[in-house]
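Chemist: Going down the list, the sequences are from chains A and B. Quick note on UniProt numbering: the first sequence kicks off at 1 and runs consecutively. Quick note on UniProt numbering: the second sequence kicks off at 1 and runs consecutively.
One should not assume that every hint holds.
Same chains, same label: a pair holds when it works inside one copy or across any pair of copies.
[Said to hold, decoys possible] Straight-line alpha carbon distances no greater than 30 Å define the calculated BS3-like cross-link-like pairs of lysine-lysine that follow: (1) K418 - K364; (2) K103 - K396; (3) K364 - K159; (4) K418 - K118; (5) K396 - K58; (6) K281 - K364; (7) K396 - K281.
In short, the hints are calculated from the structure, not lab data. The structure presented is a predicted model; accordingly, all values stated were derived computationally and were not measured.
There are 2 protein chains.
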Amino acid sequence: MDPASPASGRPRRPTVQSDIQEAILHPGNVRINVQGAFIADEEHPGTPQSDDYEHDPKDIRLPNHTAVVSHIALDIGGSLAKLVYFSREPGDDAIGGRLNFVKFETDRIDSCIEFMRKLQADHRQHNGSTPEDLCVMATGGGAFKYYDRITEALGVQVKREDEMECLIIGLDFFINEIPNEVFTYSEEEPMTFMPHPPDPPNIYPYLLVNIGSGVSMVKVSGPRQYDRVGGTSLGGGTLWGLLSLLTGARSFDDMLRLAENGDNSTVDLLVGDIYGQAYNKIGLKSTHIASSFGKVYKMKRAAERDAEDGCNGDMKHREEAEHVQGSAELPHSTAAFRPEDISRSLLYAVSNNIGQIAYLHAEKHGLPRIYFGGSFIGGHSQTMNTLSYAIRFWSKGSKQAYFLRHEGYLGSVGAFLKRQPRNWGRRESFQGQKVTL
Amino acid sequence: MDPASPASGRPRRPTVQSDIQEAILHPGNVRINVQGAFIADEEHPGTPQSDDYEHDPKDIRLPNHTAVVSHIALDIGGSLAKLVYFSREPGDDAIGGRLNFVKFETDRIDSCIEFMRKLQADHRQHNGSTPEDLCVMATGGGAFKYYDRITEALGVQVKREDEMECLIIGLDFFINEIPNEVFTYSEEEPMTFMPHPPDPPNIYPYLLVNIGSGVSMVKVSGPRQYDRVGGTSLGGGTLWGLLSLLTGARSFDDMLRLAENGDNSTVDLLVGDIYGQAYNKIGLKSTHIASSFGKVYKMKRAAERDAEDGCNGDMKHREEAEHVQGSAELPHSTAAFRPEDISRSLLYAVSNNIGQIAYLHAEKHGLPRIYFGGSFIGGHSQTMNTLSYAIRFWSKGSKQAYFLRHEGYLGSVGAFLKRQPRNWGRRESFQGQKVTL
């Protein structure tokens, strides 16, 4: 079965021709009716997994949307391309539809194009229009880099949107419209969902920290009012790249599994390793990480010295060398250190670092709320815990970290929604009634 | 010849007995006469290099100091122990003396203790006092961790001083008293020395960023007024540890040499790699690093896929795989990436990151000047250039990075001077006359 077309071959409710024409002429201008939207937490029929892509099981059901949707949206980042598309519910009497979320490796953009071609064919089949009907809204760097390739392959116009703007439009949508989407995280209380709908005074201003291959930090003062205030090159790409070199892990999931079973204290230099105790005067616990990977060079040196000394090194070196057996023979090898420990250390280092920089930008701009998005997080509890802890630690509890269940799709959802008539502003009148956007 | 005793065996000017008694009773309370102090940029006689330690050739000459000095000072960090001691000039008619700077690996603390034992013996021989005469002022975490070991080995009392306080006392000494010590750095104008003496209104407040195994950031509001405001675990230990795993380099110098000949664009994902161009809207050049090591995982994946596909992968994958030959057979190997490129990428990543966090703390606390100290820098131009550039980039030119020729010895010089009568304050009357401190 065509994975992109959950209902292919089934009879469909007829659509109104004027709807289709409107959708063709102004792609993205169809209002998506989000009344009663919710996250459908089951594998829905007809979307088998594939080696070429990963279909997120957390579809968003839109039970009240009826109009034709003639656009899809793609956010092509440095490592991953994230696709959002609308599909009708299968079945004669089913109403509404859902948003689907699919992820591809950017380097396999051709798989993504092939997937979109099937969506295009399906759309054409069911709405009887010309091949031009399905419009692609694209954002992220790949919207530029792969513009010609996508345009030529699909024979459609690709509408490019600014990456930062899409991120915050997507985030605003998730905050405002989707219940059980935004949550806080702590070891004691994992996934505490925010009340829905949110209380308007508690929405802006905020900082969005989007962690993909690299990290962008965006200050958001109000609906579509944003400014990219910073970022760091130490992001997901750094973790994935270094861990693929150091541990031999071949997928993100493998790396995260390794990290879960690791002990960073075998490779990190802790305050206790330097002081023999806590550094009380400035409040650093003995378990505080003074230097990420700070034990590695010392242990390798000790092992090398022992090899040179023909095991005549003093006891201290020999003790240390026990941990790095083989290192002297293979000074270039990482076999002396457990992949689990290396993974946990680097996950801590990258997450803590992002947390500190995020806090500092939030502090500089007076932002009490920090939303973490991007595929780096991947719903991984250790990552969220480290980010949350870093924000609490640095802000002394004055700032709060938030996460999202669709954290990787802010940009593509934003691109999907961007050209819609804007009506978030109506929320501000706060009549208590659900509005479409 | 005893390396710790440049003048051993030579006749000496007699010292006044009361000087010696004062020095014994109140170690560290002798005023060091810094009138005419300058950096002696030559190897001085009698200090051969050794495998056990590294004697810094940049002694500080104190041509007008005559009193007995009966203390030495040691700053024991996570990776290195830094020793400062005073020695008289050799020769019958020579006057004054000099401060000597010696570095040991912390894991070889016994070499350091042995060195101090020789200083102790020499001191006893020339001043005719008891073995208790030479006092050790110690700071850094090792002042706690190795307290008993040093005390027992030398039979002296070790006076422990707070690490942060010593750092800023040392830095204040270098700023205020030593000409040609503090400099700014840029590619166009490497090492522009600050005018000396400094203009008092241009001294405080400042941020000290001390980069050893880990990084400490200290806000300094005035003489001995300080507050540790932050730090990061991504410091020298991280660079040295990861590079020893990834490149096989066995010394800091090897790593820095590799970095000098590297091209980070083979491993880092640049804005241009993602966008195919600059991201003009937010002012990111195409050469801006979006993700450190962001190309590594992608290239390894491509090589692995090709290996799985039996070279049936598409051209794109094959092109990428050319860069990572051998990677498919040895997915755990780093042989596919040049050690030079890996070294440069990581040096950039760590330095840029410290630069950004330093800027943010300086911004938060309204500090226009940022001093970088610590052994990580090691006078290496690429490191200083990256740190300087980061400060200029983030502050849009409003903040200035400063470096020091004795960057690794702030803590030990601070410990050496800490118990001296304080008289920096006299500078504030600013009579234009040189004062002793």
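Chemist: For the identical chains here, do K396 and K58 meet the 30 Å Cα criterion within one copy, between copies, both, or neither?
Modeler: Intra 34 Å, inter 43 Å, cutoff 30 Å: neither.
Chemist: If the cut is 30 Å between Cα atoms, do K281 and K364 qualify within a copy, between copies, both or neither?
Modeler: both (26 Å within a copy, 22 Å between copies)
Chemist: Reference check for the pair K418 and K364, CA-CA at most 30 Å: within, between, both, or neither?
Modeler: Classified as within: same-chain Cα gap 29 Å, cross-chain 35 Å, threshold 30 Å.
Chemist: First find the shortest C-alpha distance between K418 and K118 inside one copy, then the shortest across copies, and answer within, between, both or neither for a cut-off of 30 Å.
Modeler: Classified as within: same-chain Cα gap 24 Å, cross-chain 75 Å, threshold 30 Å.
Chemist: Reference check for the pair K103 and K396, CA-CA at most 30 Å: within, between, both, or neither?
Modeler: neither (37 Å within a copy, 37 Å between copies)
Chemist: Between copies, within a copy, both or neither: which fits K364 and K159 at Cα up to 30 Å?
Modeler: This pair counts as neither: shortest intra-copy Cα distance 35 Å, inter-copy 40 Å.
Chemist: For K396 and K281, with the copy left unspecified, which applies at a CA distance of at most 30 Å: within, between, both, or neither?
Modeler: Within one copy only: 17 Å inside, 35 Å across.
Checked against the numbered hints given earlier, the structure breaks hints 2, 3 and 5 and satisfies all the rest.
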